[in-house]
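J.: Listed below, chain by chain, are the residues.
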Amino acid sequence: MQRIFINKSLCAGCKNCEAACMAEHTTHRSLWLVNLSDPSNKPNNRVALDNSGQPTPIFCQHCDDPACVTACMAGALTKNPETGVVEHNRDKCAGCWMCIMSCPYGMMHTSGVYEDTAAKCDFCAERGTPRCVSSCPTGAITLRTI
Amino acid sequence: MSICVSADKVLEKFILSKKDLESSFNRVPDQEVKCAFGMQGICCRLCANGPCRITPTTPKGVCGATADTIVARNFLRAVAAGAACYLHVVENTAANLKAIGLGQSDISLKGTRLLEELSSKLDLPGNNVGEKAVALANQVIQDLYRPRHEKMELVEKLAYTPRYKKWTELNILPGGAKAEVFDALVKTSTNLNSDPMDMLLHALRLGITTGIYGLGLTNHLNDIIWGEPRIRLAKVGFGVLDPEYINVMVTGHQQALVGILQDGLSTSEAINIAEKAGAKGFKLVGSTCVGQDMQLRGAHCQQIFAGQTGNNFTSEILIATGAVDLVVSEFNCTLPGIEPVCDAYGVPQICLDDVAKKQNAEYIAFSLAEKDTIIQKVIETAVERYKKQRPSVKVDIPEHGYDDVVTGVSQKTLKEFLGGSYKPLIDLIIAGKIKGIAGVVGCSNLTAKGHDVFTVEMTKELIKRNIIVLSAGCTSGALENVGLMSPSAAELAGESLKAICRQLEIPPVLNFGPCLAIGRLEETAADIAGELGVDLPELPLVLSAPQWLEEQALADGSFGLALGLPLHLAIPPFITGSELVTNILTKDIEGLTGGKVIVNGNVEDTVNELEAIIMAKRAGLNI
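Going line by line, the protein sequences match chains U and B.
The working numbering applies: residue 1 is where the first sequence begins, and numbers increase by one.
The working numbering applies: residue 1 is where the second sequence begins, and numbers increase by one.
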């Protein structure tokens, strides 16, 4: 299984992981073209400052015992036993926002594109390496096999 | 070892053979992760509240600046810097012409016929060559130093008349060039201008100053000093290096400065010194645009000029041949990356203009009055390296380049070649044998598919479709080193263009030389438009700076837009963060000047788009 690891002491707060995530979830996938003024583009990750002012990338943990999956009454959220990735099936999503309320990391959010459903990190299912990992210039975000 | 690929496979193989060499090609993989905010031009660090970046949840900077304001400010700053670079070059060139005209140097002007022509065209005073040279130089310098509220006088006399009228109508005639650059900086400083349209129109004014002064007049003044171009065959590539000579590599854009070495290293005294050191003499080895300029005027310095080796990104590699004994630089593109390579191969560096001062270079402030001292210093430094390092350094010159590149093509020589008028070319265009013209210009970069890859692939596709290509800039270094500027490249052209090239024994890609010669291309276009009796935007002519690299290219591009020409770029000019600025530059501006920016990173799609524009313009002319 692979997981994203964070070394926040290396984070420069450039937000490139946010921009990369937004680009990856558009049809053209281009960093040149992703509309960074469009509020409907929402990254599945974010960089926030911790209590000491250190920029800190915050990502979906794909938890072992995911609160969002437990909370999802529609069966839209599931934990893939093979990859360990917490997957979201938009077709099943009822838009009840229970997942948003239950995630301790605040990583579930309302999809900007489909207003009636939730959205989350999909581990860039169609890419070998999540785009945020390959877009981090400092090595603060890495992919490791566990 | 992972390196950036090149269109020039011989070069690529040579780089891979140099295991200990670190060059730009090695650093590309390390720099692959780019900052999306920088790419889109929406990072602002004009004040201590920043850096601010625009995101969907933070649509304004702390001060309230929107993406449109931030992008327009960054763009105008870049264009102003690029214009400043070219204006620096024309100012130095004019200062030297003036000093020669005043008799302060023993250099004799080689282009007196052109001086007479220009004096008469510009109504300049003067009873003899010297007085006329001074009058021309003074006029250029005065225009550069006018305040912004005074229009530059030579614009009307040198611009294509329909364009001058259009610029007057749009109120984009430039005031004093330096003041235009200065106020562009003021305008884009913290909490000043927030109007994207005003800033983009300012960029067009800077484009006009760049084109007419920085490019066009630099060419004319250098032609007057060093001689006008003549069409001839020349050698290009690393193969021009001859290890039996003491080789002085020149980098930059100012032949007005390094040109003093042409005669200075050819004297019998200089040759004696070289012979005593065990060499046959000295050679100037062309690198970057100043080499292209020397090659263009190569008929006037055939003995001393070895030939052009390549473009900006071949310069580090050239030093690693071991056969370079001194680097003399005076402007960009003198990459910082050459310094450790020079150190590794024991190659000293001399810089003649502190705007391009390299950390390891010895700086000698250029002055025509100190010409002999500079030449002496160059000779001593190069000879010392030759004697001390050559025996211990392995000289490795690959078989690289071509011996039959057609050079010396200019707005005048092309016309002379065609029999004194563009009519034969126009007739071929009307007959459809040549579909149209593409100016493939500007820089070389390592990002649009690799070193010169986009440039070369696009050019091959254009000529295949019977579109003749004219090139100026580092693109020429790319195209000549892969054989596209040799007559045999005709075989790669479409049937009708191939037949024409074969008959005239010319390549389908014409070599105008350095980026400064973009000014010559644009004068060529104006001449053709004049013969047809149309304005520039009506011509079946497109511009592409596919692998643009730097701020100067953006200033050149702004000139292209002011001229009303479609301008393709493979990489966006850091504007895509603003829908407004992107729409103005790629669409709306067509309604103002007739030109527009086309951004396309795919070769096939680009050529389809450029061909469609050419076909539409042909239809507009009923041909």
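There's no promise every hint is true.
Claimed, not checked - Quick list of in silico lysine-lysine cross-link-like pairs, DSS-like style, CA-CA up to 27 Å:
id, chain 1, residue 1, chain 2, residue 2
1, B, 423, B, 235
2, B, 157, B, 387
3, B, 387, B, 110
4, U, 42, B, 412
5, B, 18, B, 387
6, B, 121, B, 157
7, U, 8, B, 235
8, B, 60, U, 42
9, B, 358, B, 18
Derived by calculation from the structure, the hints in this document are not laboratory data.
J.: Determine for every hint whether it applies to the structure shown.
T.: Here is what the structure says about each hint:
1. A distance of roughly 31 Å separates the Cα atoms of residue 423 of chain B and residue 235 of chain B; the hinted pair therefore is violated under the 27 Å criterion.
2. For the hint pairing residue 157 of chain B with residue 387 of chain B, the CA-to-CA distance comes to about 53 Å; that exceeds 27 Å, so the pair is violated.
3. About 35 Å separates the Cα atoms of residue 387 of chain B and residue 110 of chain B, which puts this hinted pair outside 27 Å; it is violated.
4. About 57 Å separates the Cα atoms of residue 42 of chain U and residue 412 of chain B, which puts this hinted pair outside 27 Å; it is violated.
5. Distance hint between residue 18 of chain B and residue 387 of chain B is fulfilled; the C-alpha atoms sit about 24 Å from each other, no more than 27 Å.
6. About 8 Å separates the Cα atoms of residue 121 of chain B and residue 157 of chain B, which keeps this hinted pair within 27 Å; it holds.
7. A threshold of 27 Å between alpha carbons decides the hint, and for residue 8 of chain U with residue 235 of chain B the separation of about 55 Å lies outside it, so the pair is violated.
8. Only pairs whose Cα atoms come within 27 Å are accepted, and residue 60 of chain B paired with residue 42 of chain U is accepted, the gap being roughly 16 Å.
9. Between residue 358 of chain B and residue 18 of chain B the alpha-carbon distance is near 24 Å, which keeps this suggested pair within the 27 Å criterion.
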